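Participant: Sequence order for the protein chains is R and D. Take the first sequence: its letter number 3 is residue 3 in this note's numbering, and every next letter is one higher. Each number in this note's numbering comes from the position in the second sequence (counting from 1) with 1000 added on.
Treat the hints with care, as some may be off.
Pulled from the structure, derived: some chain D residues nowhere near chain R, Cβ distances all over 10 Å [to be verified]:
1. S1017
2. A1091
3. R1121
4. M1204
5. P1287
6. S1300
7. L1317
Only some residues are given here: those of chain D computed to face chain R with a beta carbon under 8 Å [what the hints assert, rightly or not]:
8. N1089
9. F1093
10. P1105
11. F1156
12. I1336
Keep in mind that the hints were calculated from the coordinates and are not lab data. Computed from a prediction, not measured in an experiment: that's the story for all the values here. Cβ atoms here follow ideal geometry from the backbone N, Cα and C, with glycine treated the same way.
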Amino acid sequence: MSGDGRFGRVAHLAICTAVFVFLVAPILVIVPLGFNAEPYFTFTEGMLRLDPAAYSLRWYETVATDEQWLRALANSLVIGVSATVIATVLGTMAALGLASPAMPARPLVMGLLISPMVTPVIISAAGMFFFYSSLGLSQTHIGIVLAHAALGTPFVVITVTATLAGFDTNLTRAAASLGADPWRTFRRVQLPLIAPGVFSGALFAFATSFDEVVTVLFMGGLEQRTIPRQMWAGIREQISPAILAVATFLIAFALALMGTVEWLRRRGASD
Amino acid sequence: MESADTPHVVFDGVFKSYDGEVQVVEDLRLSVREGEFLTLLGPSGSGKTTCLMMLAGFEAPTGGSIRIGGKPVEDVPPRKRDIGMVFQNYALFPHMTVAGNLAFPLEVRGLRRNDAAERVRRALELVRLEGFEGRRPGELSGGQQQRVAIARALVFEPDLVLMDEPLGALDRRLREEMQFEIRRIQRTLGVTVVYVTHDQQEAMAMSDRVAVFNAGRIEQIAPPEVLYEEPERPFVATFIGDNNLLEGRVSSVDGDICDVVAGGETVKAFLVSPRQPGDAVVLAIRPERIGLAPAPGTYSNEFDVVVEDIAFLGDHLRVRAALGDRDAQGGAADFIIKIPNVVGHGAVLAGDTVRVGWTPTDCRALVPDERRAANAAPNQA
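Just chain R, with the same shape it has in the complex (with noise of 0.2 Å):
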């Protein structure tokens, strides 16, 4: 019986930790391979030895002063904030209008509100592509800002419906009582109690935007590369670690992201 208990364990410990292998590790060795002296995407065998001398910061340094690649941060920046700000609106107020009880087919508005979630982003991108070039506004900015917030409308959807179904509505009826029109009602009773659920869902939005490559590639042109665009770009043109010192950054953001996520949940969960 204790071997089998033994056995039971070992195998326990080794299979998580081969999930964890499997999940990390790929993502993991990059980030030292983005600090290579050399422009390979492999490790050298100063590296392995750890020499001092096999490290160095000059893919940074190219990232950091290449125009290319901070145009792309740049269009990343500026088309990941538009769509977030627009996903953010629009997503709090399909939220709000799916909480009332006076919302007529409510199963089919949800459904309809998260399928850009749940349709393949290629089927998405490529219907996109056709509707904003019937429109003229493939190849623009404002034609990604509006396919991200598409993209990203359901994350804000979902989590503020989360943060609402905790909601009080005699909050909302007594401070119409005390005389509140909607609006104030909205800005100093319903957004400060729901704000940690439109935080998180504003966070996914910018990451699905600033993940997203599909519908950039569809859409954009030159002009629009965001950075997920720029890597693509430059592995099929000019593989340089460089893209890796771009990874580096893009995995150390997602930390802090999914880090703040998980503050404002426990921040709401404690209140």
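Chain R is already provided as a structure; the job is to place chain D on it using the hints.
Facilitator: Below, chain D without anything else, positioned relative to chain R:
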């Protein structure tokens, strides 16, 4: 603001239905006087809360009209009705301090910061929560939150305040304390209060008048003592306090007093509304109005009953007895008798046959309540 004889609030033939079939509120007629404390009392689902929500403007009547200060309010949204509202779960804004909660309606009305602070201070004084300005609702006890909710409903000086089971979440001791508090505040300010509760003791303790709701209608509206002493319907007779109900038929009528045959006995009873011999009535006799082992001839109603059970309840004894023969056709009627626990009540044991009696005026002959059956059929209106 209006002449003294204009009622503050009027429900004029108000109907409310959510599905178009079942009437939650049916042909409601009710006026609330200026400065009155009126309680809507009834079991859950009787329509009392729906009435309050219609008055506040959160629900729209499907028929009839509601007037406040003589003006119809159908087109007035809740925020413009200027009604203070206390919710069952308090509905305090959890992200604002006590002062922030109280200042909210003042801020909405554009009061200057200093004036608002002064009003907030006075409102907290009124509910005896001085010094709590900086606390958040989450840091207060249930009773304190309730006081803040009341202060917030009063701080903008509305003429009309609605309270929806505001004491439901408090324990008994605190509830009784708050009943006095609310009554004191209402008298101090002279505001009109419409109060909803399902607790008949609460309604009796606080109200100028009580409207007893049952299945979407008002059964009776009267001051507490009248409801208790002179119930007009069997529902009211049993909902307010304890009562013994006996079904029977009128055999003869002599002015206000009639003879009723019930359980094989003839009982003299007070006729509440005109009835003819042969009509069905329900007799209602309060357990504490039944005299035990009286000197013969004390009462015009005297019967022998068999004591079946006795419960000692401290200040009184509760005797369960059977009137009539258990084995006879139709059986016997159950009777509850309350005997005050005072010196000389005499020893009564289970199984004893004792003589009981009551005066005809303590025995009210009511029209049987047939509306429950009628109400079960959808859409009578």
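Participant: Return the numbers of the hints above that this structure violates; sort them in rising order.
Facilitator: 2, 12
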